[in-house]
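A.B. asks: So the protein lines, in turn, are chains H and V. Per the working numbering, residue 1 is the first one in the first sequence, and the count goes up by one each step. Per the working numbering, residue 1 is the first one in the second sequence, and the count goes up by one each step.
Watch out, some of these pointers could steer you wrong.
Some chain H residues close to chain V (C-beta under 7 angstroms, calculated; not the full set) [to be verified]:
hint, residue
1, P79
2, P91
3, G108
Dumping the calculated DSS-like pairs for lysine-lysine here, alpha-carbon to alpha-carbon at most 30 angstroms [unchecked claim]:
hint, chain 1, residue 1, chain 2, residue 2
4, H, K55, V, K83
5, H, K93, V, K12
6, H, K125, V, K12
7, H, K280, H, K256
8, V, K83, V, K12
9, V, K83, H, K93
10, H, K125, V, K83
11, H, K125, H, K93
Derived from the structure by calculation, the hints contain no laboratory data. The beta carbon of each residue, even a glycine, is placed where N, CA and C say it ideally should be.
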Amino acid sequence: MEQAIVVEALVKRYGSLAAVDGISFAVPSGTIFGLLGRNGAGKTTTLECCIGLGKPTAGSIRVLGLDPTRSAGLAALRPRIGVQLQATSLPEKANAGEVLELYAAYYGIAPRGAEMAERVGLDGKLDRQIAQMSGGEQQRLALALALQHDPDVLFLDEPSAGMDAFGRRIMWAEVERLREAGKTIVLTTHYIEEAERLCDRICVLQRGRIVADAPPADLVAQYGGDATVSIAADRFAPDTALQALGAWTQTEQCWKLATHGEPGLALAAIVTHANAIGAKVDSLDMHRPTLEDAFVALTGETLLESAQ
Amino acid sequence: MIALRMFLVQTKMNFVWYFQRDGELIFWTLAMPVFFLVLFSFAFSSGPNSGSSGFLVPGIIGAQVLSSGFWGVGVMLATFREKHLLRRVYLTPMPPWVFFASLVAYRMTLLAAQAVILIAVGGLVFHVHVIGRPWEILAVLLLGTATFVSLGTIVGALARTTESANNIASVLTVPLAFLSDAYIPIDRFPHAVSSALRLLPSTQFIDTFRDVSIYGAPLSHYGAWLGMLALWTIAGTVISARTFRWL
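Same shape as in the complex, but just chain H:
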């Protein structure tokens, strides 16, 4: 598959601090690539280097075969990329329709204000001034500005930050629509569910370095650890068939099975066995490994927010 973005040995230092410390990745055309990590992991710095907002200390970047760190490459790239920035603002007294009209002029296309407003859930709000829009509405307008000229590659920096559940649903639906349309998307996020739901591939960053780079399901399978089934029941003890499913541990009344296999099947077998021996079940619990488990295992950190 053709690579839309290739980053090699990227380093970005601010003084003695290496915000990005030698990272390499490639994003195939038509896929969604997520940079996942805590604040300060280097996600935004990486993304900004890809769009010419930061000059790398070392390393090389190619976006659609062009070098965004050189002015000629950046000039050729600008019409073909769409960007939603985290640290951006629009003129307070502008209204949404005017901003879309101005950006249409920048890209030499016909304004698509009404259409874009509908796509990002701002229908009927084109005459609302920026200062009167909520943070989430401003974010959705920023998304519309990134999309209006139908770019090949999109860079979305924390696209759902500050959005409510409604805004997030709209943004997710829009990203999924863009995937259908064959666009390449790079997004940064610290929302586990957002990364898991949207990304074909997730690059986990920690202190400027890549700690893993794989499809979400692979990350979970590889680093998420075992699935567990716990049962608290009177007179319960696993028989040999159940012991073969994985490793059992017992704490007081509670037995816990850690298994590589499908926990649903193990759960069914455990319940059947409990009934057969007449054990009185107090509680049953099952946990599948999640991307969050994988993230914790990879980074030793937990401070990611949930998207709910």
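Given chain H, put chain V in place with the hints provided.
C.D. replies: Showing chain V alone in chain H's frame:
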């Protein structure tokens, strides 16, 4: 064609966003200069017909040109950078010259409006007669605007924050207005001082503008000063282009 449309839409938005919807700015731009004219006319003279208003009308317009460059453009650019507006615009295919040309167009139109209002009030209230040729007056006004917008852009390029841009603009605009023949005649200073002050681009612009508009002097007499203003404009543009930071 694409660049022309960009320029026109950007200029229109500059008006709507930064002028039409900003009541405070409308007041400062259109009412304050008239207030200055009235105040200074009575403060510096014995009556409406003493001739000081004829001095003040072009002087105040000239001072507005200075503040338009240093405050209007310099501080505005620093604010745009601080509020992260510039970095968003930097990501679009808009050529930088379109952005600056639209700022100049916006400022020139405001200044032309201010000039018309001041000349009208000066004529109606203080019997100031503008006898110069309109196109010559306009040409000097446009050249002066270009000069001080380009110098103001340097302020916007060098200032790290809105606050520092504000300070630089005050330090430049306020003394220059008093030392450049705008509000008070510099002939009142010792000859050596006034001669030195006539080397300032602000003095050369304001004196040329006054002589051409109020006294009807032919533009051709001011070739050397106009040339100097053109050189300042070129220097300001080159320095701005080399030092301006979008990020």
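A.B. asks: What are the numbers of the hints that this structure violates, sorted from low to high?
C.D. replies: none
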